[in-house]
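Visitor: Each chain, letter by letter, is given below.
Number of protein chains: 2
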Amino acid sequence: MSHPSFIAVDWGTSGFRLWVLDACGKTLAETDGPFGMSNLEPSDFGRVLEENLNELGIGQDVPAIICGMAGAAQGWCEAPYLTAPTRLDKLGAGAIRVSDASREVRILPGVKQQSPANVMRGEETQIAGLLHLVPDFRGIVCLPGTHTKWVRVADGAIIEFETCMTGEQFAFFSRASVLSHSMVNHGWSDSAFEAAIRLAADDPAALPRRLFAIRAGMLVGKQTSAQARATLSGLLIGQELMSVRQYWTDQTVTLIGASTLCELYLTALGFMGASGRVTEVSEITLSGLTAAYQHQRRCFSS
Amino acid sequence: MSHPSFIAVDWGTSGFRLWVLDACGKTLAETDGPFGMSNLEPSDFGRVLEENLNELGIGQDVPAIICGMAGAAQGWCEAPYLTAPTRLDKLGAGAIRVSDASREVRILPGVKQQSPANVMRGEETQIAGLLHLVPDFRGIVCLPGTHTKWVRVADGAIIEFETCMTGEQFAFFSRASVLSHSMVNHGWSDSAFEAAIRLAADDPAALPRRLFAIRAGMLVGKQTSAQARATLSGLLIGQELMSVRQYWTDQTVTLIGASTLCELYLTALGFMGASGRVTEVSEITLSGLTAAYQHQRRCFSS
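From first to last, the protein sequence lines are chains B and A.
To convert, count from 1 in the first sequence and add 17; that's our numbering.
To convert, count from 1 in the second sequence and add 17; that's our numbering.
Source of the hints: derived by calculation from the structure; they are not laboratory data.
Since this is a predicted model, take the numbers as computed values, not measurements.
You may find that some hints are simply not true.
Treat identical chains as interchangeable: a pair holds within one or across any two.
To be verified - SDA-like cross-link-like pairs, simulated, lysine to any residue; straight-line CA separation at most 20 Å: (1) Lys107 with Ala174; (2) Lys43 with His20; (3) Lys107 with Asp172; (4) Lys239 with Ala101; (5) Lys239 with Gln131; (6) Lys239 with Ala90; (7) Lys239 with Thr100; (8) Lys239 with Pro133.
Work out the full structure, taking the sequences as your base and the hints as a guide.
Guide: Written as structure tokens, this is what we have:
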């Protein structure tokens with residue numbers, strides 16, 4: 018293969034994804050694993066990175082650029098936040114050098130917002146990637162996941178953003194709460210999902226009393242496990258959409274995230290009379306990391 | 018002490034409480050422990066009961082009456098549900114006999130509601146206790162806890178009810194979610210609680226985007242751990258109240274539950290222009306178990 022030029026890593030709460038790239042930005046190798054911040058101590062990050070690069074046969078002369086929770090206070094090395102509104106071409110310039118790494122490693126900053134208080138780490142790099150691919154992009158970006166972000170983008174900058182813990186709530190309710198007894202298999206029901214979206218749209222404040230009804234519907238009725246799971250998903254995504262109406266009303270939302278999850282958001286937006294389009298998340302992430310690396314490359318020794 | 022006549026047990030999801038009573042209903046001994054359904058296999062219940070009674074020196078000739086999750090499908094022995102609307106003087110008559118117990122043990126039925134689907138196990142006995150103490154009671158009963166119940170009571174009967182998983186959600190968010198990093202101590206702020214109640218009342222649909230703000234408020238602002246904990250509690254209780262407005266509007270709510278938690282609900286109701294009164298939960302529970310036992314005593318052999 019051609020000579021590796023740099024390593025790009027999206028290092029999140031629950032997992033990490035790594036690409037090895039040549040000087041033209043072509044991917045030479047890639048890997049991923051469940052080595053997220055929540056599973057690591059700060060002292061583990063360097064070892065995990067080197068183990069993965071050893072397996073790929075990458076020498077220590079190749080520098081790495083990282084985005085995401087590796088830069089959090091509980092991560093590898095705390096990277097500062099840019100403050101929204103903020104242009105994203107500053108992202109590479111804001112990277113910090115990790116001192117206890119056995120190669121050149123830099124972590125990109127996150128973005129914070131003072132009022133209402135909010136933070137992101139990783140999504141800013143994906144939005145930078147979108148802007149790298151579509152420089153004049155302006156509009157609303159939704160990044161569904163553990164902590165779904167809604168971001169208003171204009172003039173190459175993040176203007177404002179919101180966070181909803183929808184993914185983390187779905188994981189809790191479906192795996193650890195009393196509702197988990199009603200979701201013993203991984204089935205799905207489109208009609209139950211759509212009905213739940215409509216319920217949430219009609220009366221978003223009713224969510225607290227609708228959640229337990231998922232369990233009760235199985236105990237006293239004929240609800241299936243597939244219906245229960247889809248109802249939970251629809252109620253949570255529906256309630257999220259209602260809480261961020263000001264973001265998507267009269268907009269076409271650009272969705273960046275896992276394709277199955279993005280399709281659910283697309284369906285939900287459609288039922289609420291809005292529209293969206295799904296982008297390819299790997300391409301966007303890699304584009305953002307590459308743009309930040311290129312902007313910052315003069316700081317790397319190799 | 019005078020001769021034990023019967024044993025009353027409130028056996029819930031997370032713990033159990035047991036009283037030994039004489040023929041006049043006077044408490045001779047009592048105990049409790051973390052032996053809830055979620056910590057036990059069905060085959061454990063009999064052993065746990067006997068171990069606790071052995072420690073109190075109670076012979077096997079004394080019968081026991083039990084309410085709560087011991088009667089759930091995952092409990093000791095499944096007890097049927099009464100169907101709301103239902104009078105509660107039927108509670109004792111609906112008790113089932115446990116076949117694999119080394120003494121006479123009966124478990125009281127729960128109550129189900131077909132539409133909207135709902136279930137309770139244990140709270141019906143507390144409401145029966147309230148009706149035993151105040152036979153002409155009519156109005157709204159709120160039983161705050163892991164799964165808070167809102168119950169409309171009239172003519173000695175449960176007319177209808179709702180369930181909100183507020184306690185389970187608070188436990189998840191404060192102990193296991195990303196918000197737990199902002200609640201490392203157990204402090205409290207009355208003003209943060211009140212502000213959160215007002216936020217929930219003003220815009221109950223906004224909850225999804227307000228939760229993560231608790232974490233962000235600590236990362237980018239000056240929020241304390243005490244403020245974070247009280248804000249989470251206020252948002253969840255406030256959102257619950259907004260979802261069951263039809264229960265408390267123009268009513269005085271009778272609260273049955275742990276006193277600290279009942280006081281929070283009382284405060285929240287007050288901020289929403291409603292009123293409530295707190296009852297003594299042990300007295301109510303014991304009254305319900307005693308009434309059910311006395312109604313059913315002809316079925317016991319001793």
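Visitor: It remains to establish, for every hint, whether it holds in the given structure.
Guide: Structure-based check of each hint:
no.: 1; hint: Lys107 with Ala174; in the structure: within (10 Å within a copy, 66 Å between copies)
no.: 2; hint: Lys43 with His20; in the structure: within (11 Å within a copy, 85 Å between copies)
no.: 3; hint: Lys107 with Asp172; in the structure: within (13 Å within a copy, 69 Å between copies)
no.: 4; hint: Lys239 with Ala101; in the structure: between (49 Å within a copy, 18 Å between copies)
no.: 5; hint: Lys239 with Gln131; in the structure: between (48 Å within a copy, 11 Å between copies)
no.: 6; hint: Lys239 with Ala90; in the structure: between (47 Å within a copy, 16 Å between copies)
no.: 7; hint: Lys239 with Thr100; in the structure: between (51 Å within a copy, 16 Å between copies)
no.: 8; hint: Lys239 with Pro133; in the structure: between (43 Å within a copy, 13 Å between copies)
Checked against the numbered hints above, the structure breaks none of them.
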